[in-house]
Amino acid sequence: STRQEVEKALQKNQKMLTQYEQAAQNVLTERFRLIKPENQDFLHWTTVLQEQTGVWRWLQPALLGEVLVCEPIVNHIGENSTQKSQKMLELLHINNIMKHWGPLVAQVFESDEELWGDLRDIDGGNWLNQVLRADDVLQTYFPAEKTFGLLSQHLSNVNGLLRAAFVEMGITFLNPKILEAVPSYIPQKTGLNYVYTPSPLLKELVKPQVQKRLKEVPQCVVDVERYGFGTTSNPNAASNVRVFVSSPAEWKED
36 STRQEVEKAL QKNQKMLTQY EQAAQNVLTE RFRLIKPENQ DFLHWTTVLQ EQTGVWRWLQ
96 PALLGEVLVC EPIVNHIGEN STQKSQKMLE LLHINNIMKH WGPLVAQVFE SDEELWGDLR
156 DIDGGNWLNQ VLRADDVLQT YFPAEKTFGL LSQHLSNVNG LLRAAFVEMG ITFLNPKILE
216 AVPSYIPQKT GLNYVYTPSP LLKELVKPQV QKRLKEVPQC VVDVERYGFG TTSNPNAASN
276 VRVFVSSPAE WKED
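Count along the sequence shown starting at 1, add 35, and that's the number in the numbering used here.
Misleading hints may appear alongside valid ones.
To be verified - Label pairs and their in silico Cβ distance ranges:
hint: 1; residue 1: 75; residue 2: 251; range: 55 to 63 Å
hint: 2; residue 1: 178; residue 2: 199; range: 19 to 27 Å
hint: 3; residue 1: 223; residue 2: 133; range: 34 to 42 Å
hint: 4; residue 1: 251; residue 2: 85; range: 49 to 57 Å
hint: 5; residue 1: 82; residue 2: 135; range: 25 to 33 Å
hint: 6; residue 1: 145; residue 2: 232; range: 40 to 48 Å
hint: 7; residue 1: 138; residue 2: 37; range: 48 to 56 Å
hint: 8; residue 1: 87; residue 2: 231; range: 43 to 51 Å
hint: 9; residue 1: 100; residue 2: 72; range: 20 to 28 Å
hint: 10; residue 1: 191; residue 2: 236; range: 19 to 27 Å
As the list claims (entries may be wrong) - Here are the simulated lysine-lysine pairs, PhoX-like style, with alpha carbons at most 20 Å apart:
hint: 11; residue 1: 122; residue 2: 238
hint: 12; residue 1: 247; residue 2: 212
hint: 13; residue 1: 119; residue 2: 242
Hints in this document: simulated from the structure, not taken from any laboratory.
Predicted, not measured: the structure shown is a model, and the values here were computed from it.
Ideal Cβ positions, reconstructed from N, Cα and C, are used throughout, including at glycine.
Let the hints inform the model, and build the full structure from the sequences given.
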């Protein structure tokens, strides 16, 4: 009957539409790392992507491009690693950075506030601090390390992207400089904001640089665990800053 033919045609069209949606979803996932939430239909999801506003509209594709570049670079370093490069990867927490980077760029955020909340809380707050620190550590301690040259360049790009995002979102960013005097804004609370015992791996890899710097700056920042982020609801950006401060006993000559 005509009704059966119409129903059959509708079923065929629905099947084709589902196939097209699946094909498009596969492209968005495989090529652009975008993953559709299970509780959203395809049309709503793509509409949200098209209407994305705020910082994430430009930050997401920029971070996606950087993670696509960094993945093969990190793999190459790992596959051709020396004992030193393996230790550097561990010092920089590169595996953890890469682990959480992909899932981040797969998300959609409805507001800058939601984006900031996620950036701040990824891996218990570790990811954001680690990716910023990795750039600082490479730039300060290993500028001539050819194996890490490309990775350093792209982590600097990411650092710049995140800083631009902070400015647009109205976030105050405090960045203690490694091998520079401890900033006066950091509360002098030992164990909370000041830590004097650095990681053994850091000491092993950078001891000569620190010893040389101590002759010029008796008390300097040797590493950063947490940077400062000030927001409208939490304007005291310095309260959570945590740095490793040079101690003559820790860095004395052998």
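inquiry  = Checking each numbered hint in turn, tell me which of them this model violates, lowest number first.
reply    = Hints that this structure does not satisfy do not exist here, as all of them hold.
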